[in-house]
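**Q** Please construct the entire structure, taking both the sequences and the accompanying hints into account.
Mind the numbering: the sequence shown is residues 25 to 361 in this note's numbering, read in order.
Calculated directly from the structure, the hints in this document are not laboratory data.
Between beta-carbon pairs, the in silico distance windows are:
(1) S237 - R44: 32 to 38 Å
(2) A349 - E298: 17 to 23 Å
(3) S237 - R354: 47 to 53 Å
(4) R206 - E127: 26 to 32 Å
(5) A238 - T357: 52 to 58 Å
(6) E185 - S148: 17 to 23 Å
Just so it is clear, CB atoms sit at the ideal spot from N, CA and C, and this is done for glycine as well.
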Amino acid sequence: MKRLDLRSDTVTLPCRAMRRAMADAEVGDDVYGEDPSIERLQRRTAELLGKPASLFFPSGSMANQAALRAHTRPGDVVLASRDCHLLRYETGAAAALSGLQVETLGAEGAFDGDDVRANLRASSDHTAPTTVLAVENTHNAAGGRVFPPARLESAVAAAREAGLALHLDGARLWNAAIASGRSPAELAAPFDSVSTCLSKGLGAPVGSLVSGSAKLAARLRRIRKMLGGGMRQAGVLAAAGLYALSHNRQRLAEDHANARRLAEGLAALGFAVEAPPQTNIVMFRVKDQAAFARACAERALLINAFAPGRFRAVLHLNISAADTAEALDRLSTITAR
Numbered sequence: 025m026k027r028l029d030l031r032s033d034t035v036t037l038p039c040r041a042m043r044r045a046m047a048d049a050e051v052g053d054d055v056y057g058e059d060p061s062i063e064r065l066q067r068r069t070a071e072l073l074g075k076p077a078s079l080f081f082p083s084g085s086m087a088n089q090a091a092l093r094a095h096t097r098p099g100d101v102v103l104a105s106r107d108c109h110l111l112r113y114e115t116g117a118a119a120a121l122s123g124l125q126v127e128t129l130g131a132e133g134a135f136d137g138d139d140v141r142a143n144l145r146a147s148s149d150h151t152a153p154t155t156v157l158a159v160e161n162t163h164n165a166a167g168g169r170v171f172p173p174a175r176l177e178s179a180v181a182a183a184r185e186a187g188l189a190l191h192l193d194g195a196r197l198w199n200a201a202i203a204s205g206r207s208p209a210e211l212a213a214p215f216d217s218v219s220t221c222l223s224k225g226l227g228a229p230v231g232s233l234v235s236g237s238a239k240l241a242a243r244l245r246r247i248r249k250m251l252g253g254g255m256r257q258a259g260v261l262a263a264a265g266l267y268a269l270s271h272n273r274q275r276l277a278e279d280h281a282n283a284r285r286l287a288e289g290l291a292a293l294g295f296a297v298e299a300p301p302q303t304n305i306v307m308f309r310v311k312d313q314a315a316f317a318r319a320c321a322e323r324a325l326l327i328n329a330f331a332p333g334r335f336r337a338v339l340h341l342n343i344s345a346a347d348t349a350e351a352l353d354r355l356s357t358i359t360a361r
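**A** Written as structure tokens, this is what we have:
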């Protein structure tokens, strides 16, 4: 029985053409700034996001944390959405590595200007200054939701009024662009720093980038080195990223369509689907989590429990429309209890 892995869009395997691009990559020592493939990837990403510069990182967590560190001093407060990745899934790095406090606001991955203003602290010798507003788009814990444009515009205006720096955790910004019909550059425009991922959805084995001003990129380079992210002949990884950006962005629409098919099928089978998916993530609930997990394992179906009784299925380039139908066939033999 073929294993169908819906745990994440990070489980994809490089295709033959991507592996060939990696094998043929032109490389050099990137710590010296001499890897031509890394330079091409950074220029291409900056171009796509409409920013002057980009810097390559080995992981999204390091990318986010380096960006936050570049905008802050120890003790500062970062405002971010409830259940955001940088707080929930980066092992306390903001506190441990940069001495930052993360305070959350909004619901289901979104907030507006009133939420921002309500969470600002008056500046005094007794209070930690709020210095950054972080946005996650799409929002993982909210089921891959795209941040509503009007609410984002309101939040950005409030942040600018308060003198906050703006960071975008755009690990799945490519999905947000496809779903909204807006360009990545348009979605990135309001932000001082933007992290994007090459493995989530795009199929590269490694890598994220932070894009922003040339001055920010220079500061990030030192922070990356400090965090252990300086790499040598990393062009083999950059080549995979360049291939992914060229070949796998537009096909994200297929993942979104498969997510809709899966959600509709789950609902027809009696599963409690939280909402129609906007991108490639389907959230649904079951009453007996342990029994459901065992039944999935017995059917070579991998779906992660996201919270008690709440499961997340993620569609990606290694799950076709036929695979989606097969997943539903297997799920049809499991009661939605």
